[in-house]
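Residue numbers for the sequence shown follow the UniProt record's numbering, beginning at 1 and rising by one.
It is worth saying that the hints were derived from the structure and are not from the lab.
Given the structure is predicted, the values throughout are model-derived calculations rather than measurements.
Backbone N, C-alpha and C define an ideal beta-carbon position, used for all residues, glycine too.
Among these hints, one or two may not hold up.
Pair ranges (Cβ atoms, derived) [said to hold, decoys possible]:
id, residue 1, residue 2, range
1, D564, R132, 46 to 56 Å
2, I139, K112, 25 to 35 Å
3, R132, N616, 52 to 62 Å
4, G517, L158, 34 to 44 Å
5, G376, E456, 17 to 27 Å
6, P177, K370, 53 to 63 Å
7, K551, R385, 47 to 57 Å
8, E456, D195, 40 to 50 Å
With a cut-off of at most 30 Å between alpha-carbon atoms, the simulated DSBU-like pairs for lysine-lysine come out as follows [as the list claims (entries may be wrong)]:
id, residue 1, residue 2
9, K434, K191
10, K577, K187
11, K185, K213
12, K366, K451
13, K213, K318
14, K451, K439
15, K213, K439
16, K577, K185
17, K119, K129
18, K434, K565
19, K451, K416
20, K129, K213
21, K130, K191
22, K213, K565
23, K423, K185
24, K439, K551
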Amino acid sequence: MTTPALLPLSGRRLPPLNLGASAFPHHRATLRLSEKFILLLILSAFITLCFGAFFFLPDSSKHKRFDLGLEDVLIPHVDTSKGGKNLGGFLIHGQGHDEHRHREEEERLRNKIRADHEKALEEAKEKLKKSRDEIQAEIQTEKNKVVQELKKKDSKPLPPVPLPNLIGINSGEPADPDIREKRNKIKEMMKHAWDNYRQYGWGHNELKPIARKGHSTNIFGNSQMGATIVDALDTLYIMGLHDEFREGQEWIDKNLDFSVNSEVSVFEVNIRFIGGLLAAYYLSGQEVFKIKAVQLAGKLLPAFNTPTGIPWAMVNLKSGVGRNWGWASAGSSILAEFGTLHMEFVHLSYLTGDPVYYNKVMHIRKLLQKMDRPNGLYPNYLNPRTGRWGQHHTSVGGLGDSFYEYLLKAWLMSDKTDMEARKMYDDAIEAIEKHLIRKSNGGLTFIGEWKNGHLERKMGHLTCFAGGMFALGADGSRDDKAGHYLQLGAEIAHTCHESYDRTTLKLGPEAFKFDGGVEAVAVRQNEKYYILRPEVIETYWYMWRFTHDPKYRQWGWEATQAIDKYCRVSGGFSGVKDVYSSSPTYDDVQQSFFLAETLKYLYLLFSNDDLLPLDNWVFNTEAHPLPVLHLANTTLSGNPAYR
Numbered sequence: 001m002t003t004p005a006l007l008p009l010s011g012r013r014l015p016p017l018n019l020g021a022s023a024f025p026h027h028r029a030t031l032r033l034s035e036k037f038i039l040l041l042i043l044s045a046f047i048t049l050c051f052g053a054f055f056f057l058p059d060s061s062k063h064k065r066f067d068l069g070l071e072d073v074l075i076p077h078v079d080t081s082k083g084g085k086n087l088g089g090f091l092i093h094g095q096g097h098d099e100h101r102h103r104e105e106e107e108r109l110r111n112k113i114r115a116d117h118e119k120a121l122e123e124a125k126e127k128l129k130k131s132r133d134e135i136q137a138e139i140q141t142e143k144n145k146v147v148q149e150l151k152k153k154d155s156k157p158l159p160p161v162p163l164p165n166l167i168g169i170n171s172g173e174p175a176d177p178d179i180r181e182k183r184n185k186i187k188e189m190m191k192h193a194w195d196n197y198r199q200y201g202w203g204h205n206e207l208k209p210i211a212r213k214g215h216s217t218n219i220f221g222n223s224q225m226g227a228t229i230v231d232a233l234d235t236l237y238i239m240g241l242h243d244e245f246r247e248g249q250e251w252i253d254k255n256l257d258f259s260v261n262s263e264v265s266v267f268e269v270n271i272r273f274i275g276g277l278l279a280a281y282y283l284s285g286q287e288v289f290k291i292k293a294v295q296l297a298g299k300l301l302p303a304f305n306t307p308t309g310i311p312w313a314m315v316n317l318k319s320g321v322g323r324n325w326g327w328a329s330a331g332s333s334i335l336a337e338f339g340t341l342h343m344e345f346v347h348l349s350y351l352t353g354d355p356v357y358y359n360k361v362m363h364i365r366k367l368l369q370k371m372d373r374p375n376g377l378y379p380n381y382l383n384p385r386t387g388r389w390g391q392h393h394t395s396v397g398g399l400g401d402s403f404y405e406y407l408l409k410a411w412l413m414s415d416k417t418d419m420e421a422r423k424m425y426d427d428a429i430e431a432i433e434k435h436l437i438r439k440s441n442g443g444l445t446f447i448g449e450w451k452n453g454h455l456e457r458k459m460g461h462l463t464c465f466a467g468g469m470f471a472l473g474a475d476g477s478r479d480d481k482a483g484h485y486l487q488l489g490a491e492i493a494h495t496c497h498e499s500y501d502r503t504t505l506k507l508g509p510e511a512f513k514f515d516g517g518v519e520a521v522a523v524r525q526n527e528k529y530y531i532l533r534p535e536v537i538e539t540y541w542y543m544w545r546f547t548h549d550p551k552y553r554q555w556g557w558e559a560t561q562a563i564d565k566y567c568r569v570s571g572g573f574s575g576v577k578d579v580y581s582s583s584p585t586y587d588d589v590q591q592s593f594f595l596a597e598t599l600k601y602l603y604l605l606f607s608n609d610d611l612l613p614l615d616n617w618v619f620n621t622e623a624h625p626l627p628v629l630h631l632a633n634t635t636l637s638g639n640p641a642y643r
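Use the sequences and the hints to build the structure in full.
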């Protein structure tokens, strides 16, 4: 899931300035003679000015310009003619000697300036003989040298760590030819999305498939970080698209640079970039992904420099300066953002042997455990300066969702030994079931939102992930309630399917109401869009894994066909602005999470269970699979659960 529920902003780009050879006609490949003369004149005048200024400055000896602290001092005089005995006299070491030394120093500097002047003029003459292209090539060569030096500096070898037992990364081929055909169709959709991004948006964060150019949003700052490449890597790998995977790996190795002056979302960069790089490393074993993940994590750490240790929402990758979203409850941090770091940061500590990442997320957990929770619910906002809750708004959708998901997955990732996380999850789910989960008049189970002391009977597309979460957490739930939570997951899946089925396009809206006679339908125009989101399909996949009820594959195939029919364009896939319109308008954005999550979950839905089995893999909230850290492999020691 990508939270909070923020619509991407359209970025404006000026046409690139063409500085290639074609920008300059052949007869101007070299500068004209008059231009050379003017440049030489200016350069010569400047150097002469510097040279002359030296002589017109006040007498430097009066200001001890070259003394460097060697003022007049008294030194004992030893008369060596008398056998080296000290006769008790002192010599004044000073004026005459210093004046002579100053004259020598000034003469030496004059000679050096003359030599430098001559050398600079000669170099300038040589430069002006070269064409503009040659000069640009030299500059680029020097820049490349600097970049390579920085890469060498940053690419310190990490300590060798035994990889967890990796099972099920190259399997899953279904025997049923009908299922296999559907799986191949989803693979073809992935290839269509990737190939068009490769052609029209390569290196940009995302793609505008209709305009056929790159796209980005404020969550990635102002830099081209190739978000789609990093997000898509593990999907390419498990689909067997290894040529495309290698293309992505090569781009990351040569171009992915985190030393940019860019303000990014800590949450989004963590789940998409660190999660994506770690998953690519575990699947392929290629060290470059691990090294890049660790480099990026180091850039996120300054975000934790707050009075409470609750991180800022955004951080500048270059300066380390952090801040929060302006709209978030009086400068608060958001529960789903600071609460969705645990999986990735635990793996970072595991792979590096450095406990700093683990300690950061455990500090957040300890702080939350000490706080009072209204009705047992976690509000969505927490002030990082005061450590107090913001407005009492609780949601299992945007702003809250993946916090609960990561409590459960922390327990699963620890090989079910992190009982502290499991208890926090169970307590939270009990409060959610008591205060937020209701049945509509038509019998649909939904999860509302708690706002200012009352329940809003509205459910977001993002909330639909919870069906899969309830099913995933059923085994191990307290009071033998596994059957109850599996059934609850099935009911949420049914409600979310209804939100799709009650639209014209058979694609779900961003949010839907349960008021009066309106059920599972969007009412407001600004909630009728579908931006290629994965949460409903994610729940279908988890429900399929735990029940093998064929309706989940049927529902998944309905969604696949609708996406292919209404979202596919010649340049990729686009979101649509109104799922209730028979002729919808496109939003012209191919989201990176479409390749990371939506297509991956569809592919897994039509694969056998031996592809990424859930006993061995835990998916982060961007659908990046990370291996379970079995006790024998883990090097963590801060939490008693890991000892």
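Hints and how they fare:
no.	hint	in the structure
1	D564 / R132: 46 to 56 Å	holds (49 Å)
2	I139 / K112: 25 to 35 Å	holds (28 Å)
3	R132 / N616: 52 to 62 Å	holds (58 Å)
4	G517 / L158: 34 to 44 Å	violated (60 Å)
5	G376 / E456: 17 to 27 Å	holds (18 Å)
6	P177 / K370: 53 to 63 Å	holds (57 Å)
7	K551 / R385: 47 to 57 Å	holds (49 Å)
8	E456 / D195: 40 to 50 Å	holds (42 Å)
9	K434 / K191	violated (44 Å)
10	K577 / K187	holds (26 Å)
11	K185 / K213	holds (25 Å)
12	K366 / K451	holds (26 Å)
13	K213 / K318	holds (27 Å)
14	K451 / K439	holds (18 Å)
15	K213 / K439	violated (45 Å)
16	K577 / K185	holds (25 Å)
17	K119 / K129	holds (16 Å)
18	K434 / K565	violated (40 Å)
19	K451 / K416	violated (34 Å)
20	K129 / K213	violated (39 Å)
21	K130 / K191	violated (46 Å)
22	K213 / K565	holds (22 Å)
23	K423 / K185	violated (42 Å)
24	K439 / K551	holds (22 Å)
Violated hints, in rising order: 4, 9, 15, 18, 19, 20, 21, 23; the structure is consistent with all others.
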